[in-house]
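Chain H is fixed; fit chain B onto it per the hints.
Here the protein sequences come in this chain order: H and B.
Here the first sequence is numbered in our numbering, starting from 9 and rising by one per residue.
Here the second sequence is numbered in our numbering, starting from 48 and rising by one per residue.
Don't take every hint at face value.
Under the rule of at most 30 Å between Cα atoms (straight-line distance), these lysine-lysine pairs were calculated in the DSSO-like manner [claimed, not checked]:
no., chain 1, residue 1, chain 2, residue 2
1, B, Lys217, B, Lys228
2, B, Lys228, B, Lys94
3, H, Lys111, B, Lys183
4, H, Lys111, B, Lys193
5, H, Lys144, B, Lys80
I should point out that these hints are in silico values taken from the structure, not numbers from a laboratory.
Predicted model, so just to flag it, every value in this text is computed and none were measured.
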Amino acid sequence: MKNFLMTLTLFSTLFASTHSNAIVGATNDNRALALTGLALMDLSTFVVAERRPVRYRRGVGYVGYTVYRVVTLPVLLVAGLVLLDDNGRFDISADITGEAADKANLSNEEKFALEDNIEEVNALFDSISMEVQETKASKQEKIELAKDLWEDYSQELDQNVMSGLVKVLNLKK
Amino acid sequence: MIRILMIILLAIFSVKSFSQDRVVLLTSLDAKKNIPFARSSSWDINKKLEKIFKRKLKHIHENLVVVHHVDKETLFKELSNKNNKAIFWVSHSNGSEGDIINNNTIVDYRGVDVSEVFQAPSKGLQFLGFVGCNAKFLVEKFKQLKTMNNNENLLTYSRAKKIDARIGLKKAIKSYLKAQKNQLLKKSNKKCEEFQKVEVTITRTIPEKNSSIDSEALSLKVLQSGKLVGLFPKGSAGEVQSIKVFLDNPTRKNDLKLVLDSGITSKSVVMGKIEFENMNYKLFANRLGIPFGVGRHVFRYKGSLDLEIYKINKKSINCSLEEK
Chain H
9 MKNFLMTLTL FSTLFASTHS NAIVGATNDN RALALTGLAL MDLSTFVVAE RRPVRYRRGV
69 GYVGYTVYRV VTLPVLLVAG LVLLDDNGRF DISADITGEA ADKANLSNEE KFALEDNIEE
129 VNALFDSISM EVQETKASKQ EKIELAKDLW EDYSQELDQN VMSGLVKVLN LKK
Chain B
48 MIRILMIILL AIFSVKSFSQ DRVVLLTSLD AKKNIPFARS SSWDINKKLE KIFKRKLKHI
108 HENLVVVHHV DKETLFKELS NKNNKAIFWV SHSNGSEGDI INNNTIVDYR GVDVSEVFQA
168 PSKGLQFLGF VGCNAKFLVE KFKQLKTMNN NENLLTYSRA KKIDARIGLK KAIKSYLKAQ
228 KNQLLKKSNK KCEEFQKVEV TITRTIPEKN SSIDSEALSL KVLQSGKLVG LFPKGSAGEV
288 QSIKVFLDNP TRKNDLKLVL DSGITSKSVV MGKIEFENMN YKLFANRLGI PFGVGRHVFR
348 YKGSLDLEIY KINKKSINCS LEEK
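In isolation and in its complexed conformation, chain B is listed as follows:
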């Protein structure tokens, strides 16, 4: 009898311990720069947010995970993690409706724009809470671009106004719990669909010696017409990085234009030497060959549109970038 009880207890414990579904809090705030009025310098917004997150979600079955000071790469990794059922993101952001001045940004704790990374969440993600000012405009823009569509049932929380970090997180959690109670959280029913893409291999060579002490080879977003198609990781001096990206089928050369963007206009960003395997790309630069752009460079496609040998069938809709 005791043995049976022990086996049952062990089974319950195992199910609880090895439940893979995760609910994740990602924060990207510089604690030193986010101290409210009349608080001591030891006051830490990240600790406060973590406390709220754990307290409000202590009754749920999923594993609670908290990561602070999240950068582009960590964000990309967490969004691609199929075990993540819900993600709450807290950082500074801004946005407005369609305007010639585009201030739709979500910045990390160092002031680097990470917004496009949100375009490719995994199909396992069922809830994505953006806690940041005016983030709703960016979410709407991504929906217009037909990104963030790996899970057709993905629920998002965002507001079109200024919000406070702690109040915003509480409201986002409340929205999540309400959706869970009403059984609105659903996995995707769709299967990966195959689309014809153009495969391009890009190599980034980071110089041995950086121009100044502050120089840093930040991770780089690879963007085609505003859509994230790849991500170079952070690099170190002398490192050679190579990634494959899959581009939408072009009708004009301009469709193949690529932007490599660190997310910040800073001279301390080391872009490195960028080369495209077998593809004729030209860096947008002045007559002396000095590239335009600071912390981001534009590469214009100058080759032929006869790209049959580079075309490949790739799983596209309903698959995150890492699943491709």
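Same shape as in the complex, but just chain H:
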């Protein structure tokens, strides 16, 4: 009985709701979906080389490597450790090595356009992630929405930016 009570007490502390000071922001899952939509832009031109199955709690979904890479797992609290891995925002970077640029068949115009407009790309990324988050739909529908939004919003940018970005993202698969 004593053991049972102790176990019960232990579990009650585990599941007790706690107040948090965090600001509600776009989740990384939704940023990942927005990125998948971006990678899917203009697939007629850029072939997705490889897709990997990813296991979710509720089954198996087929998503691109990019999603697999950027989904941030929740903070692991195991064995008395407080691991300091982050669940903060991730961005798109213009740090593309010469080797990666060659592999992606990136033209100089695309590389420079990407470098010059990376701040704008991340602003679009914020807006699209937020719209994806606020839409109640399935993951596949959210990816489609993200793709449409990227196509729409990217008209504000030099066309070399998006073509370069899609090439580099698809290279990572």
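Same frame as chain H, but now just chain B:
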């Protein structure tokens, strides 16, 4: 004889009390979200870290200072404090080597990215310990950007792997004590150098009424090509804030592009109305004028590159932002 002894004791006491050098522990962790498995809800990571810090450094002569729940502004203030000899920072962070997905972030206890604030420590700082997962990648990136160079002798501690808060802090302290023992902690020998900069005054007007109860005018980083050039403080409804920033000399208009970033993608962030005195900047927005970006906005420079009247000689290398 007694008088002489008293004077000597008083002098020793004064030296100890008024020693201005500080060793500072800054933590930014939400205690409620960082309780390890099988611990009670009253378990507080911040208290545990403070205890470790005070115990491990009880023999040193410098004043020990502990600040919890540090945000961008407090971090900026502490990094700019010339009396701070060493700073240990503990928070969640992430990083990886050069990649199209940039996850190099250091977040505060509310999930706000504070990473760029670390770019401008004072020249008095001799040791900076980053206790957070994969923080080493970010430190390397800042060195590539040629930031964090106010003290050319600044030693940093960071790891390129996942770490536990308490173990990480102990290791960082050990690294600091070892550097002190080996006399590796040094002040800067350089003097401030003057560089030509473009002076820009930016005004932020926060609306009288916020759109929702959760709305908050967080402090905003002002970034030029990823470099921190200024910081707007937190604001309240109706407040008008004005700051001067000094930009690197441009060769193209794109070099003058500025990003105002709260550090979090959240609709609850109130950016306010941003205006640039005498400079033609345009907010990156759609055709209806709705800005792109959530919690951060991009301002593109549309004026002339003939900026001679705005150019000014400013102390740059070896001076923190506040010293400029």
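Below or equal to 30 Å on CA atoms is what counts here, so check Lys111(H) against Lys183(B). Measuring from Cα to Cα gives roughly 28 Å; hence the hint holds.
Distance restraint between Lys144(H) and Lys80(B), which requires alpha-carbon spacing of 30 Å or less: 27 Å, holds
Hinted pair, alpha-carbon criterion (30 Å max): Lys228(B), Lys94(B). Please report holds or violated. Given that 30 Å is the threshold and the Cα spacing comes to 28 Å, the pair holds.
Taking 30 Å as the top limit, are the C-alpha atoms of Lys217(B) and Lys228(B) close enough? 16 Å, holds
For the pair supplied as a hint, Lys111(H) and Lys193(B), is the alpha-carbon distance within the 30 Å limit? 29 Å, holds
Of the numbered hints given earlier, the model fails none.
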